[in-house]
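Number of protein chains: 2
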Amino acid sequence: MRSICVLAFLGSSLCWGQADTDCKPSALNIPEAKYPCVYPDNRATFRVLAPEAQSVKIRIGKGFDMTKGADGAWTVTTTPLVVGFHYYSVQIDGATTADPSTMTFFGSGWQNSGIEIPAPDVDFYSAKTDLPHGHVSQQRYFSKVTEKWRRCFVYTPPDYETSSKTRYPVLYLLHGWGEDETGWYRQGRVDLIMDNLIASGKAKPMIIVMDNLNAVKPGESAAIFGARWLAPAPPPGTAGSGRGGRGGLAGFTGASFTDMMLTDLIPMVEKTYRVLPGRDNRAMAGLSMGGMQTFRTTLSNLDKFAYIGGFSGSCGGRGATFDAKTTCDGAFADAAAFNKKVKVLFLGIGSEEGPGTKNFSEALTQAGIHNVYFESPGTAHEWLTWRRCLNDFAPRLFRQGSESQHAARRQNASGE
Amino acid sequence: MRSICVLAFLGSSLCWGQADTDCKPSALNIPEAKYPCVYPDNRATFRVLAPEAQSVKIRIGKGFDMTKGADGAWTVTTTPLVVGFHYYSVQIDGATTADPSTMTFFGSGWQNSGIEIPAPDVDFYSAKTDLPHGHVSQQRYFSKVTEKWRRCFVYTPPDYETSSKTRYPVLYLLHGWGEDETGWYRQGRVDLIMDNLIASGKAKPMIIVMDNLNAVKPGESAAIFGARWLAPAPPPGTAGSGRGGRGGLAGFTGASFTDMMLTDLIPMVEKTYRVLPGRDNRAMAGLSMGGMQTFRTTLSNLDKFAYIGGFSGSCGGRGATFDAKTTCDGAFADAAAFNKKVKVLFLGIGSEEGPGTKNFSEALTQAGIHNVYFESPGTAHEWLTWRRCLNDFAPRLFRQGSESQHAARRQNASGE
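Chains as they are written, first to last, in my numbering: chain A, 1 to 416; chain B, 1 to 416.
Since the hints were made in silico from the structure, they are not lab data.
One or more hints might be untrue.
Straight-line distance between alpha carbons at most 16 Å, and here's what the computed EDC-like set of lysine to aspartate or glutamate pairs gives [said to hold, decoys possible]:
(1) B:148 <-> A:32
(2) B:358 <-> B:375
(3) B:204 <-> B:259
(4) A:57 <-> B:52
A few chain A residues facing chain B, derived, Cβ under 10 Å [stated by the list, open to error]:
(5) 48
(6) 53
(7) 54
(8) 101
(9) 130
(10) 136
(11) 140
(12) 164
(13) 199
What you are looking at is a predicted structure, and each value in this text was computed from that prediction instead of being measured.
Glycine included, each C-beta is placed from N, C-alpha and C at the ideal position.
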């Protein structure tokens, strides 16, 4: 095929409209788009039409300079990319834009392009023909706390429609910095992961509520979502000078999210959906900043949550010294009490994200706090890490009843 | 505020990060983005960061050249824009891209930017605090006809979850050329329109299924979706040289959509949702190419559909001579039989789209075919036309029972 392509190139420009047959279009391309495409060794070729531009680059983690062809299209083939989902952008003469050849995904506060490099374990987040599928529904609701309309997405398991009296436990699942309520269902493939887990019996049927981490009261700053072209970057070292150029982790408090969640979101969900009540049927998890938010919300409300998951984000920092009396505001000071309340404390991370989370997990273990440590091999601070975290976390949920149910089960077991 | 802004401009570049207070950010901007913004007279100001570009334009119907400021940002204020939703793009040194300051919307085969110019009748497609809201759910299903996974979105009315035994009639609703199954729920605001109609008692509660018009069997061409940067444009006058540069209406057959809809989609919907059976509880409508598809599907399957809507699209063409024996393959040749079967035949159009649809409606009326003509004032071939069409069409649906029910009602009425 390559030789044919070279001949075609000598004779016409048709070749540029066709990909090398070894290079498969990314699953996230718009219909018919041959580029970007991915080679078996995970290199990717990008193509951008910008006939009058002086300089065009692809930014996917690092930058790749593109070369202009005779037809005005710029192309580049990268070095091998890490497996999984990546945001990327195109820089055209200094302007940061999305590649018009792909669907776009909300991250870093704007609609990025996306590319999917198939992973060896792609099966767990793929659609399968022969099993039932749940729904992801858009749910609008008005928040009394923020005084605004909000939107979340709600996954209901495959039997939700047909089992019209069954009630289900609920996992509240948060995105990361600069993302929104669409993240888990679009980048995260939450419904396919759960459909597969439920069909194989690995996870219990559950409802998953995916809300927007951004919840500010009137007058509070929403600066955490600022994308970098919205305003000049603040001076280095000041609040908001980190990721995104404006706003950033420094500007994040989370205070109003917890308030909004407890006042507006949970009551709306429990009124609207067939939900099992109580802390033993309520889990919360999130990725990155959403993991930080999860720990803030749950650790100060252990009467309301029995399952906690941090995917590349928690209260523990990534290298901070652990002190049971002060770390996470002393939430781990009484290990016995904590272990009695929290059925699963889950800490997930990509292997390329550094040792902080593993260290935190080990420190917790040494302090007597039961916890699960999960590491995604070969991935960094990206969505394949979090898909794998969910795939490991969800089967652990809602397996245990309350303490009294446990006692009853133990009694039954010994009496039989 | 303007004078303050001028002073700030003389002293610093801060002013460029703030909009004139008369210019309100478009409702479709990413969080925090002040631009594009809309003035009370419907002019809009756009701002794009492209520090090294030689030429930047906004394309919103026509082109507006932007001017570069001292901070590297290009700006332009347009002439007054038509009310409603508009796709738009940014041209940076010859490259067509989305504006990174807005959410993106799938149209013309790619993820365009969008801007919303508030209409005088904005109320009918706005969220309201004090009424119940339905859901829009993502539904995956496998098509035996196309041999691929497909996705549709399904609107269920507010009482669907709580009235667990009620069954509902169904409207199948299609997008237009280059759009997809997200069009009606994102650009069209279908859920808000229906929530408002149902709450006010104007429309009956119904399920609305929004699928993707693109349905090809293995080996068939999917060229209708090609965006213009995917390949060099074909020579003028050849098939596919129209809108989009590649593919286009000329390449559209629709044959496999009808097959797929009858074989896969309708059975899946009737198995998955609580649906009232039969043609009297089944409507189909679509916009533009989706209207053409609607007429193709329904007119050849009148045993399955009793309500038909074409929003800026039908089988009638826009200026073609009407002949009851041949127009639309002779579907209107027997007016009495047609009127008995079809409860509502709806033809909607924007007032700026030319007289073709009105002429078609009048020709139908002269041929004895009952039909409803609706005209959206001041709008062209865009989404506000179609939001208004739905708002007028939906209240007309499922009001009439079957002929025998009619006869029974007439008897009852005369007997009392």
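Cross-check of the supplied hints:
{"no.": "1", "hint": "B:148 <-> A:32", "in the structure": "holds, 15 Å"}
{"no.": "2", "hint": "B:358 <-> B:375", "in the structure": "holds, 8 Å"}
{"no.": "3", "hint": "B:204 <-> B:259", "in the structure": "violated, 29 Å"}
{"no.": "4", "hint": "A:57 <-> B:52", "in the structure": "holds, 13 Å"}
{"no.": "5", "hint": "48", "in the structure": "holds, 7 Å"}
{"no.": "6", "hint": "53", "in the structure": "holds, 4 Å"}
{"no.": "7", "hint": "54", "in the structure": "holds, 7 Å"}
{"no.": "8", "hint": "101", "in the structure": "holds, 7 Å"}
{"no.": "9", "hint": "130", "in the structure": "holds, 9 Å"}
{"no.": "10", "hint": "136", "in the structure": "holds, 4 Å"}
{"no.": "11", "hint": "140", "in the structure": "holds, 5 Å"}
{"no.": "12", "hint": "164", "in the structure": "holds, 5 Å"}
{"no.": "13", "hint": "199", "in the structure": "violated, 13 Å"}
Violated hints, in rising order: 3 and 13; the structure is consistent with all others.
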